[in-house]
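Chain B: place on chain A using the hints.
Heads up: the protein sequence lines correspond to chains A and B, in order. Just so you know, the UniProt record's numbering puts 90 at position 90 of the first sequence, and the rest follows in order with no gaps. Just so you know, the UniProt record's numbering puts 153 at position 153 of the second sequence, and the rest follows in order with no gaps.
Bear in mind the hints are in silico, worked out from the structure with no lab data behind them. Since the model is a prediction, treat every value here as computed from it, not as a measurement. You may find that some hints are simply not true.
If we take Cβ atoms under 8 Å as the criterion, some of the chain B residues that face chain A in the derived model are [said to hold, decoys possible]:
(1) 115
(2) 119
(3) 126
From chain A, some residues computed to sit far from chain B (all C-beta separations above 12 Å) [what the hints assert, rightly or not]:
(4) 19
(5) 20
(6) 27
(7) 38
(8) 49
(9) 51
(10) 58
(11) 79
(12) 150
(13) 151
(14) 155
(15) 157
(16) 161
(17) 162
(18) 169
Just so you know, even glycine gets a beta-carbon here, dropped at the ideal spot from N, CA and C.
2 protein chains.
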Amino acid sequence: MERIAIDMDDVIADPLSKHLALFNKRYNENISIKDLEGKYLTEVRPELHQEILDILAEPTFFRDLDIIADSQEVIKELSQHYEVFIATAAMELPSSFTSKYEWLKEHFSFLNERNFIFCGDKSIIKADYLIDDSPRNFMGFEGQGILFTNPYNLHVTDYVRVNNWQEVREFFLK
Amino acid sequence: MERIAIDMDDVIADPLSKHLALFNKRYNENISIKDLEGKYLTEVRPELHQEILDILAEPTFFRDLDIIADSQEVIKELSQHYEVFIATAAMELPSSFTSKYEWLKEHFSFLNERNFIFCGDKSIIKADYLIDDSPRNFMGFEGQGILFTNPYNLHVTDYVRVNNWQEVREFFLK
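So here's chain A without its partners, still in its complex pose (with noise of 0.2 Å):
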């Protein structure tokens, strides 16, 4: 059977929604995903690097994150015909653990937690195929990068690009 790997932030679990919104409220500021094109945030509010990514330190920010359209019912379905794990580079910020592997255990309670991933370099990572929206997590990684589309990623030309579950699905189950 072959492996697919899937990244969770901006993949399958929407911080960057809640992360905007939070930032537009503390700063009164008005910055839209459209304005994110092909940059982070930081790169939007250089003068406020630290207090962009002191948000997303914040214990529970991750707990109560939307889940990306479809991602649920894809991946069910997937489960039927691959082993699907779930890899998140979560050593970049350790107090989002908890609040990761319960919203794991919440929203995608039908994979065991032992498919779970929690690393920092994701070239550990044994699969044929890793479905990521930040290409630097293709370096090293010996399967197929797929580039889920995001504001950041959009003029990263390298990869098969899904801009949606429904393109997932279609790739994988067509």
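Chain B in isolation, oriented as in the chain A frame:
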């Protein structure tokens, strides 16, 4: 550069001594490491199965574990010749995430946290070697499994065995 993945519990950290000491104290028992030859504590006292596991689930249990002798020095040396990752099956005990992370940052501060992996099924690890005390973690692992001696694995004969960190040095740096 070849890559070595190293298990945490009973390979670089010593939960067993603390677990046994706490158990003996709380339940007025006198079980020794010697009594655990070829078996787990839960097999020696099956009537206290849940109580034994509950000790491990206490959130700070893993925070102050002793370091397995010579592991720091040898891993520091190995890092000069190999890529070293620490891979622990933390998904079995989600309450341990923070303590395990802090313990690693304290005692193995020379390793980058990008090289820490909290996982379940270790067949997801892509590495040339895995040093582990649980033979089941070698199932599906594509590299070479190296069994680190522990009382309950004393009768296992299917893998290269190392009895201590000097023997690990011997194996990798001879």
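Hints numbered earlier in the text: which of these fail when held up against the supplied structure?
Going through the list in order, the structure violates no hint and respects every one.
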